[in-house]
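There are 2 protein chains.
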Amino acid sequence: MASENDSSFTMETASVGVIGLGLMGGSLALGLAGKVRRRIGLDSDPKAGPLALEKNVVDEVALHLVDLVVRSDLIVLATPVRTILATLRELSKIQISDDKVRIVIDIGSTKADILKEMDALGDRYDPIGGHPICGREVQGVRFAEPALYKNATFVLSPASHTSPRALAAGRRLAELLGAHPLELAAADHDRLIASTSHLPFLAALALVQTAIKIPSAATLAGSGFRDTSRLASSNLEMMADILLTNRGHILQALEDYTRHLEEIAKSIREEDEAHLKAMLAEGRRARQELIGPSAPEGKR
Amino acid sequence: MASENDSSFTMETASVGVIGLGLMGGSLALGLAGKVRRRIGLDSDPKAGPLALEKNVVDEVALHLVDLVVRSDLIVLATPVRTILATLRELSKIQISDDKVRIVIDIGSTKADILKEMDALGDRYDPIGGHPICGREVQGVRFAEPALYKNATFVLSPASHTSPRALAAGRRLAELLGAHPLELAAADHDRLIASTSHLPFLAALALVQTAIKIPSAATLAGSGFRDTSRLASSNLEMMADILLTNRGHILQALEDYTRHLEEIAKSIREEDEAHLKAMLAEGRRARQELIGPSAPEGKR
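Keeping their order, the protein sequence lines are chains E and C. Per my numbering, the first sequence runs over residues 1 to 300. Per my numbering, the second sequence runs over residues 1 to 300.
I should point out that these hints are in silico values taken from the structure, not numbers from a laboratory. Because the structure is a prediction, the values reported are computed rather than measured. Careful, some of the hints might be misleading.
Because identical chains cannot be distinguished in the list, a pair is counted as satisfied if it fits within a single copy or across any two copies.
[Stated by the list, open to error] Below, computed lysine-lysine pairings styled on DSS-like, alpha-carbon distance capped at 30 angstroms: (1) Lys266 to Lys213; (2) Lys266 to Lys116; (3) Lys35 to Lys150; (4) Lys55 to Lys116; (5) Lys266 to Lys55; (6) Lys55 to Lys150; (7) Lys150 to Lys213; (8) Lys277 to Lys47.
Bound conformation, chain E alone (with noise of 0.2 angstroms):
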């Protein structure tokens, strides 16, 4: 639990130890530039943490997991998701002779099993779940924009003991980066993002993979398959953590989805016009109510 000193975080004077320095990590580092005491980076990759210093991504680079937590008031696990729970178990395990307690807050892409890890940190850390509904398919701290979180929605799952503290720190966070926070339950989170992220990457998944057996396919792609498919290029070690992570969630959404697949090639087959345009129609309004009217829509 945050003890009495604890009580004076802010994010303007915090060390803030960023975990990850890929894409997402390296973008929120970069957007704290100027708003936090120090950034200090760890990452596996040794080319990594030199890269973001040299580009004004972190302040510091840290040696390794330890020297990162004792340095740090606010750790952000950045990695993929079963990196994230990795390091959960390694943070607990710490022996720390401050008596701080860290806020936590993570930035994966499922969040039931990172929030059991976090329930089970311990008292030296006041841990939040977080997600923020950005991304690019392009790899690495040389892509860091520190644009890239702006007007995203920032998902924050609160831990059975997160304090007040945590939730107003994991809320500011999202607020220096542009963001918009919205607190959610880990498990409506999971059943959300089922649907409107994982169930999107495996669609353009079996596209690629179906469109790829046709010999000169590539001749007549234009933008819309480009579009449709964009997500099949995204980062593979962070993409199968999510997938198993969310299994079941995304089993069911897998389920529905080649069910409403059935139902088109169903009304395709017997040339069942009015059925076929009833769930044109459908389908328009819709992606209308999904993504919301402002949303203007690019060549193709």
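Given the coordinates of chain E, assemble chain C onto it according to the supplied hints.
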């Protein structure tokens, strides 16, 4: 067959009649401004003609089909596919008093049915099938933009009695719009486009159908969802006609697609990490091959 005087055909001195002043026909006509002798428009919506005149999309509006045909050297069919089929049947019935052989090109998204109808057009017309691989999910002449066709692949599918003159006109039309002409047999076009355009549309449709059933899903719909689902907002009449005139190839593509989805689901269900990662890696590689190395990846 083309008579002697017809070999003198040039786009620059041609009167071009455009049937269907929607986004596609309107943008085509607008892109020809100043590049042909005159542009004549016709649309079933009485409001489209006046708006097209006001926006300099066309120079003149025809009263009806016969009026447009009489005044045109080149006729562009830019309506949904089944309306193109009906218009081709109308064309063959028209009694024309001059001895001009008019070039007819369509820009419909499926080619086999249209080419069959073009073959039955008779010797008063010199037909060629066309399909520019571009578009947007907005409708109507008010969205017409001269650059819509720029850098798009413009498929040209010869009918059995397409003359070199019509083929050259098709190529020239594409070039004047900034597009890249590509000759492709109708059957090949329809097979390829089923995977690169019609399947992506159906993948997007089933995606919004699935997501809309999850209350509050819109909360977590980011740009990944927006792009993957974009085609679900396509023009309803246009898509219904496409689906119903390319049924065989589309059903085959859907079958392959569903098989890939089932293989993905199986590897997630069984936590077969090695196979899952192999599919993800292959998906990234396949997309790169289908899209080309130059495609810049957007923010999601």
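Same-copy or cross-copy closeness of Lys277 to Lys47 [CA-CA at most 30 angstroms]: between (54 angstroms within a copy, 25 angstroms between copies)
Measure nothing new, just compare the shortest in-copy and cross-copy C-alpha distances for Lys266 and Lys116 to 30 angstroms and report within, between, both or neither. Close across copies (26 angstroms), not inside one copy (43 angstroms); limit 30 angstroms.
30 angstroms Cα threshold - placement of Lys116 relative to Lys55: Intra 35 angstroms, inter 61 angstroms, cutoff 30 angstroms: neither.
Homomeric proximity label, Lys150 with Lys213: Cα distance no greater than 30 angstroms: between (38 angstroms within a copy, 28 angstroms between copies)
Between copies, within a copy, both or neither: which fits Lys35 and Lys150 at Cα up to 30 angstroms? Answer is within; shortest intra-copy Cα gap is 15 angstroms, inter-copy 44 angstroms.
Lys266 and Lys55: within-copy, between-copy, both or neither at 30 angstroms Cα: Result: close neither inside a copy nor across copies, 54 angstroms intra and 43 angstroms inter.
One pair to classify: Lys55 and Lys150, alpha carbons no more than 30 angstroms apart. Within, between, both, or neither? within (19 angstroms within a copy, 37 angstroms between copies)
Can you give me the call for Lys266 and Lys213, within, between, both or neither, at a CA distance of at most 30 angstroms? both (23 angstroms within a copy, 20 angstroms between copies)
Of the numbered hints stated above, those contradicted by the structure are hints 4, 5, listed in ascending order.
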